[in-house]
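Take the sequences, apply the hints, and build the full model.
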Amino acid sequence: MKLYEFQGKELFARCGISVPKRRLVRSFEDLETLDAPLVLKSQVLSGGRGKAGGVVVCDDNASLVQEGKRLIGSSLKGERVLALLAEEKVDILQEYYLSFVIDGELKKPLIIASAAGGMEIEKVAEEEPEKILKLSFDPLAGPSDYHFRRIADFLSLRNELKDLRKVLRAMYALFNQYDASLIEINPLVKTSAGLIALDSKINLDDDAEFRQKEIFQEFQEQQNVIQQNNAKAKDEGTITYVPLDGNIGMISDGAGTGMLSLDLIRDFGGEAADFCEMGGLTSPDVMYQAMETVFNRATKELKSLLVILIGGFNRMDEMAEGIIRYKNDHGLSVPLFVRLCGTMETEGKKMMIDSGLPVFDDLEEAVEKAVMAAEGE
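Position 264, counted from 1, in the sequence shown is what full-length UniProt numbering calls 264; the numbers after and before it change by one each time, with no gaps.
Take these hints with a grain of salt, some might be off.
Think about it this way: if two alpha-carbon atoms lie no more than 25 Å apart in a straight line, the pair counts; the simulated DSS-like pairs of lysine-lysine are [as the list claims (entries may be wrong)]:
#1 K21 to K303
#2 K21 to K162
#3 K201 to K108
#4 K201 to K131
#5 K107 to K123
#6 K107 to K201
#7 K107 to K131
#8 K303 to K349
#9 K201 to K162
Simulated restraints on C-beta separations [stated by the list, open to error]:
#10 A193 to E105: 34 to 40 Å
#11 E301 to N224: 37 to 43 Å
#12 R325 to I102: 25 to 31 Å
#13 T33 to R325: 19 to 25 Å
Source of the hints: derived by calculation from the structure; they are not laboratory data. Here the structure is a predicted model, which means the values were calculated and not measured. Think of the CB as a built atom: it goes at the ideal place given N, C-alpha and C, for glycine as much as any other residue.
Below, the structure is given as structure tokens:
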């Protein structure tokens, strides 16, 4: 299963890889709400978008709307463009290539690195093979610090070793956790703020779908909507709720995000009262229903509520709408800690703040505060 760029970047964000601020655009009306400068990127599954005119830098609002209308509905390398990723411009100091892939001959995973980022790696390998580093590693043990240092030296990123190690570890975590056959960042860029993934290419192994049903379902629902297959948003009756033994209510917008949140709650010394995930496509009504579910079905007295939302396709202003509506209808009997990021993030945060509700930028900070509140601190 190939993922769209916006889906890959959602996974990157979940694992701590820095990506530009972004928003998914599916209509001409959405274009009118954007402010330049931005980069418009056609969401297609084929490669070579840049050369084919599918990636456009827009420095003013007029060109933003004009180029957006040109791209939406156009054909790019035989594929219809039905969505764009509107992304902030990044000041680039240097571009690099990184990927994790399965080597068919060695039957081992490989890390591939190059300072020739932004180019087709196959062309670089053919014409300038000395610019590419390939390192195999034990699939059970994962890459070691030796691999990280070797790559840092090859890319002349020794001063950025800490950031590079974080990126590589996160890429391996995705590669391993989701049975991926390819995790690629091209380019990974060096900026004054650190290393940022400007693009994503992720292929999940179709033969492993039986182990990855939740993530396949989540991303297939998103792709169905992009591909206009009349997929409908998830309804209230399909919220997943599992009661647990703790006193911290937990709501997430995906199974992967939920599992990460549970782990972090335990890391900070707390215990979750539930596993509640909305999954896939959702809405304000589903967010509202999830709040009701957690409060009404808790088997122990809740001491705090943690809501973790990482939206790629889901809009954060709609999630905020559901939370605020629940608060206005029922009030909140425990402290609420919300971390949201992704599509319409700025608007969602403003809505929360205007309603007097706390919102966090940092995932670990939100979790830590929820645990502290549950402990009476």
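Results of checking the hints against the structure:
Taking the CA atoms of K21 and K303, the gap is about 33 Å. The hint is violated against a cut of 25 Å. Distance restraint check for K21 and K162: the Cα-Cα separation of roughly 22 Å lies within the 25 Å cut-off, and the hinted pair is therefore satisfied. Annotation: proposed proximity of K201 to K108 holds, straight-line Cα distance about 20 Å (limit 25 Å). Taking the CA atoms of K201 and K131, the gap is near 21 Å; set against the 25 Å cutoff, the hint holds.
Using a Cα cut-off of 25 Å, the hinted pair K107 and K123 holds, with the two alpha carbons roughly 23 Å apart. Only pairs whose Cα atoms come within 25 Å are accepted, and K107 paired with K201 is accepted, the gap being roughly 21 Å. For the suggested pair K107 and K131, the alpha carbons sit about 23 Å apart, so the restraint of at most 25 Å is met. Distance restraint check for K303 and K349: the Cα-Cα separation of roughly 23 Å lies within the 25 Å cut-off, and the hinted pair is therefore satisfied.
Between K201 and K162 the CA atoms are separated by roughly 23 Å; this keeps the pair inside 25 Å, and the hint holds. Between A193 and E105 the beta carbons are some 39 Å apart, a value that agrees with the proposed interval 34 to 40 Å. For E301 and N224, the Cβ-Cβ distance of about 41 Å falls inside the hinted range of 37 to 43 Å, so the restraint holds. Checking the proposed 25 to 31 Å range against R325 and I102 shows it is violated: the Cβ atoms sit about 47 Å from each other.
Range check, T33 to R325: about 22 Å between beta-carbon atoms, so the 19 to 25 Å window is met.
Checked against the numbered hints given earlier, the structure breaks hints 1, 12 and satisfies all the rest.
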